[in-house]
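Peer 1: Could you build all of it, start to finish, from the sequences and the hints given here?
Positions in the sequence shown are counted from 1; adding 692 to them yields my numbering.
Quick caveat, the hints were computed from the structure, so don't treat them as lab data.
Where a beta carbon is used, it is the ideal one built from N, C-alpha and C, also for glycine.
Among the hints, a few may not be true.
[Claimed, not checked] Straight-line C-alpha distance at most 27 Å; calculated DSSO-like pairs for lysine-lysine:
#1 K948 <-> K879
#2 K879 <-> K760
#3 K901 <-> K931
#4 K879 <-> K901
[What the hints assert, rightly or not] Cβ-Cβ distance ranges computed for the label pairs, FRET-style:
#5 Q950 <-> P916: 46 to 56 Å
#6 V903 <-> D930: 35 to 45 Å
#7 A705 <-> P916: 22 to 32 Å
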Amino acid sequence: MTRTFATAADAVADISDGASVAVGGFGLCGIPDVLIAAIAAGTACDLQVVSNNCGTDGYGLGLLLAQKRIRRVVASYVGENAEFARQYLSGELEVELTPQGTLAEKLRAGGVGVPAFFTPAGVGTPIAEGGLPWRYRPDGSVALASPPKEIREYGGRRHVLEESITTDYALVHALVGDTAGNLVFDKAARNFNPLAAMAGRICIAQVEKLVPIGELDPGQVHLPGVFVDRIVHTGVQDKQIEKRTVTARKTSHEAKCQAASSEGGGNA
Numbered sequence: 693m694t695r696t697f698a699t700a701a702d703a704v705a706d707i708s709d710g711a712s713v714a715v716g717g718f719g720l721c722g723i724p725d726v727l728i729a730a731i732a733a734g735t736a737c738d739l740q741v742v743s744n745n746c747g748t749d750g751y752g753l754g755l756l757l758a759q760k761r762i763r764r765v766v767a768s769y770v771g772e773n774a775e776f777a778r779q780y781l782s783g784e785l786e787v788e789l790t791p792q793g794t795l796a797e798k799l800r801a802g803g804v805g806v807p808a809f810f811t812p813a814g815v816g817t818p819i820a821e822g823g824l825p826w827r828y829r830p831d832g833s834v835a836l837a838s839p840p841k842e843i844r845e846y847g848g849r850r851h852v853l854e855e856s857i858t859t860d861y862a863l864v865h866a867l868v869g870d871t872a873g874n875l876v877f878d879k880a881a882r883n884f885n886p887l888a889a890m891a892g893r894i895c896i897a898q899v900e901k902l903v904p905i906g907e908l909d910p911g912q913v914h915l916p917g918v919f920v921d922r923i924v925h926t927g928v929q930d931k932q933i934e935k936r937t938v939t940a941r942k943t944s945h946e947a948k949c950q951a952a953s954s955e956g957g958g959n960a
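Peer 2: Printed below as a string of structure tokens:
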């Protein structure tokens with residue numbers, strides 16, 4: 693049954709050195725930032741992380757990277773994290789880059805007990821043929837490369853065998869959760885969160901709003917409580933924006949000219 697914890701620190705206290713952790717989120721959208729910060733405040737190191745990306749410099753999983761607490765990352769995107777790229781290219785971090793859809797299915801398959809599956813994604817590339825650098829040496833040479841994977845043909849098309857992923861723990865963020873662990877995610881923040889939750893043997897969820905059992909409409913539940921072991925009510929946190937793009941404000945003269953051009957068929 694799902695246990696409710698008073699603090700994030702209590703919920704993650706048993707995550708120890710070398711643990712594997714699936715982490716929900718996409719960029720900074722829907723990341724379990726409070727749980728990650730609680731791990732960063734502890735001592736666990738040599739962590740193996742499975743996540744679409746690895747936060748940004750100084751936020752999310754970027755906190756653990758900055759402290760050099762992560763040994764290996766399975767991800768699909770290096771993203772805006774310069775420290776992630778630096779550690780990978782300098783040989784300090786092992787990284788298994790995986791196609792995004794494949795990563796999603798590897799987590800889902802692990803959660804439902806499917807050990808492996810065939811997919812056409814990656815056929816004809818180092819993903820299937822091997823040789824993708826997982827870890828570099830400080831001099832830039834490859835210390836560890838990916839092995840070749842089994843290829844089979846189905847329906848006249850080649851497919852590569854991908855093994856599913858299960859982890860010791862999963863960390864997820866939800867908009868609403870009840871005390872039985874049923875979770876509701878907010879729009880795009882749903883992303884990798886349900887998949888990560890399914891793959892973790894122990895799933896820890898931070899929720900912005902915690903409600904009693906029976907308050908959630910079963911038809912609105914995105915992830916049933918059977919997948920959630922621990923839940924922490926964190927409230928609404930300040931949410932970071934990974935990359936902000938703005939458009940320069942037009943002057944009143946430019947706006948009038950544009951309006952006149954539109955009305956006059958371009959003969960302003």
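Peer 1: If a hint holds in the structure, say so; if it doesn't, say that too.
Peer 2: Hint-by-hint comparison with the structure:
Only pairs whose Cα atoms come within 27 Å are accepted, and K948 paired with K879 is rejected, the gap being roughly 37 Å. Annotation: proposed proximity of K879 to K760 is violated, straight-line Cα distance about 32 Å (limit 27 Å). About 15 Å separates the Cα atoms of K901 and K931, which keeps this hinted pair within 27 Å; it holds. With a C-alpha separation of about 15 Å, the suggested pair K879 and K901 falls inside the 27 Å cut-off, and the hint holds.
With their beta carbons about 52 Å apart, Q950 and P916 fall inside the hinted range of 46 to 56 Å. Distance hint check: the CB atoms of V903 and D930 are about 23 Å apart, inconsistent with the given range 35 to 45 Å. For A705 paired with P916, a C-beta distance near 26 Å keeps the hint of 22 to 32 Å intact.
Violation of the numbered hints given earlier is confined to hints 1, 2, 6; the remaining hints are satisfied by the structure.
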